[in-house]
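Engineer: For reference, the chains in residue letters:
Protein chains: 2
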Amino acid sequence: MLAAGIDLGGTNLRAALFGDAPTTPLAVHKQRVGDERSPEAIARRINDAIDHLVAEASATEQRVVVGIGVAAMLADSHGGIANSPHLHWRDLAFGPLLDAALTDRPWVLYNDVDAISYGEYRAGAAKDQDDTIAVFVGTGIGGGIIANGELVRGAHSCAAEIGHVKVAFGDDAAPCACGSRGCIEAYAGGNYVQQRARRELSAGARSAAVDLAGGDPTQVTPGHLDAAASDGDDYSLALFDELAPLLGGVLANAVTLLNPSCLILGGGMLSRTPLFREHVITALEVAVNAPALLGLTIADAALGDDAGLVGSALLARRELDR
Amino acid sequence: MLAAGIDLGGTNLRAALFGDAPTTPLAVHKQRVGDERSPEAIARRINDAIDHLVAEASATEQRVVVGIGVAAMLADSHGGIANSPHLHWRDLAFGPLLDAALTDRPWVLYNDVDAISYGEYRAGAAKDQDDTIAVFVGTGIGGGIIANGELVRGAHSCAAEIGHVKVAFGDDAAPCACGSRGCIEAYAGGNYVQQRARRELSAGARSAAVDLAGGDPTQVTPGHLDAAASDGDDYSLALFDELAPLLGGVLANAVTLLNPSCLILGGGMLSRTPLFREHVITALEVAVNAPALLGLTIADAALGDDAGLVGSALLARRELDR
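So the sequence lines, in the order shown, correspond to chains A and B.
Okay, so the first sequence: first residue is 1 according to my numbering, each after it adds one.
Okay, so the second sequence: first residue is 1001 according to my numbering, each after it adds one.
In isolation and in its complexed conformation, chain A is listed as follows (with noise of 0.2 Å):
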């Protein structure tokens, strides 16, 4: 049997058709989402990419199981979809469609970021760690749970959600585009440090990250802030100061709660930011449950761009081939 694992972002809509090797792709695909992004549309350009893989790759086999990874929040199990800002999607039956598009080929859709951990778990960095945490800072925060060696989903198939874990309440907290206040992503996700950066050194604060953006204050990156910081610069010092203890305290609280022996560390924004990485961890070490931090890994992502493709094929198999 063949596992077909799909990546479908707000970017890109990526394909790949895996045999018996979990991690080395027959065939791989990818093309632009576009502007004609109507979920009866996409439905059919996943299958018609599946038959271009399975004709790319000569395969014998014809039977093809499909594990789908969407950048969406989930309503259920079964192809609902809340909410993706990044598709311009809410409140979607997207299973009918994907039956409808599909055919004969058994499908399961999970969220991007559960598929890339899950694939991190059983072939990446996490592999035979049966309890592991993945958390990805990127321009957002998300995150993926594995519990007794089977991602946690939850109920209504939106757990693992840690970039809305609050940090802060009230009517001061940041606002979050989620529609909330307070959430970890509003502090410490990518878009929003660099969002805040710009904003204050525009405004007049000073840091030599403004000096290694090229004396543009409206082109600092993290990663400068991170080599500023590197440097004893004291704006990035001082912005580390407040936003590591927020970020490695919520990771604590996620490793008191699930004790896992492998808590993976991924993302854009962390990969840039080596200083921030390592305040975030001794946060972490300060905040955590003292016993849970025994025996618990900290490891980088290790399978990058095609974790979801490798993670969506992966619970394709586990729930269908059966």
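Treat the hints with care, since some could be wrong.
[What the hints assert, rightly or not] Pairwise CB distance ranges (calculated):
id, chain 1, residue 1, chain 2, residue 2, range
1, A, Asp300, B, Asp1172, 30 to 40 Å
2, A, Gly179, B, Glu1319, 34 to 44 Å
3, B, Asp1241, A, Ser230, 37 to 47 Å
4, B, Thr1024, A, Thr60, 54 to 64 Å
5, A, Ile298, B, Pro1106, 34 to 44 Å
6, A, Lys127, B, Ala1177, 31 to 41 Å
7, A, Asp171, B, Asp1234, 21 to 31 Å
8, B, Ala1177, A, Asp128, 49 to 59 Å
9, A, Ala93, B, Thr1024, 37 to 47 Å
10, A, Ala93, B, Thr1011, 28 to 38 Å
11, B, Pro1274, A, Arg32, 53 to 63 Å
12, B, Pro1106, A, Gly179, 45 to 55 Å
13, A, Arg199, B, Asp1172, 25 to 35 Å
[To be verified] Here chain B is said to cover these stretches of chain A; the calculated rule only asks that three of the stretch's residues, wherever they fall, bring their Cβ under 8 Å from a Cβ of chain B:
id, stretch
14, 147-160
15, 284-296
[As the list claims (entries may be wrong)] Some chain B residues near chain A, calculated using beta-carbon distances under 10 Å:
id, residue
16, Ala1160
17, Cys1178
18, Pro1245
19, Val1288
20, Asn1289
I should point out that these hints are in silico values taken from the structure, not numbers from a laboratory.
Here the structure is a predicted model, which is why all the values come from computation and not from measurement.
Think of the CB as a built atom: it goes at the ideal place given N, C-alpha and C, for glycine as much as any other residue.
Assemble the complex: chain A is given as a structure, and chain B must be docked to it using the hints.
Structural biologist: Here is chain B on its own, set in the frame of chain A:
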């Protein structure tokens, strides 16, 4: 096959023998732990109690699997105990002692609140709710997590220590008996609330709760505070305004992470503070990731004092009857 459930606390050693009915014991037994609480003696007394139960039940079946819930933070899944303030045990390999005492009776050892939570899941307030969080606010705060229908023990059996989730950081954070600072238990655990109120009221703060306690501030309980708050008492309401968002926030963040269909609330403090419980739930509803609130039921614990006996017997069957 029979299953014995053991509830080993700091005060009582309770035991029950179950046949096919998961909540109706064939026989029950209770003794004081007393002063002789060496691990060897306790292990022998557990076996003696089971002998006694088997005889009392006049059971023809002699094979008994044993589930033990102990008031301790565990270190592993084969009998290692990190710390039990209640039993004055620390860094103890209890497993070999249980092997020696129980001879041919297979056993499993769990944290007592994990056993209680599993009992509520399998036979109590969260029956058939495969994703459940149980939180017990008594003198301290403990919890249990069920995900995908399985108890989440974590990699080293210390998951679900929700009482040690941090709500404050730094030197000003409240000291907790665990040795750390800022744990939610050190703010909203019954003992801490009671001690704080008695201290502040003895030092001159004014509250109708003192009248309810017969005029003696050193006799004020959380129940008095709740009754006073219901009548508009400023002191009690201010205290609740501070503590309810802290506890509600911790519960909300756990629900955001795990997306359970059922949140069980139990424990002596919450059962005596209905207004505080209401404030906590209101705070939870504000702070939780909105999609995780849909379909969430908040339920009272249903099995009362027997939950630990029921749960540990069911865990023994689950793990040993294969």
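Engineer: If any of the earlier hints don't hold here, list their numbers in rising order.
Structural biologist: Numbers 8, 10, in rising order.
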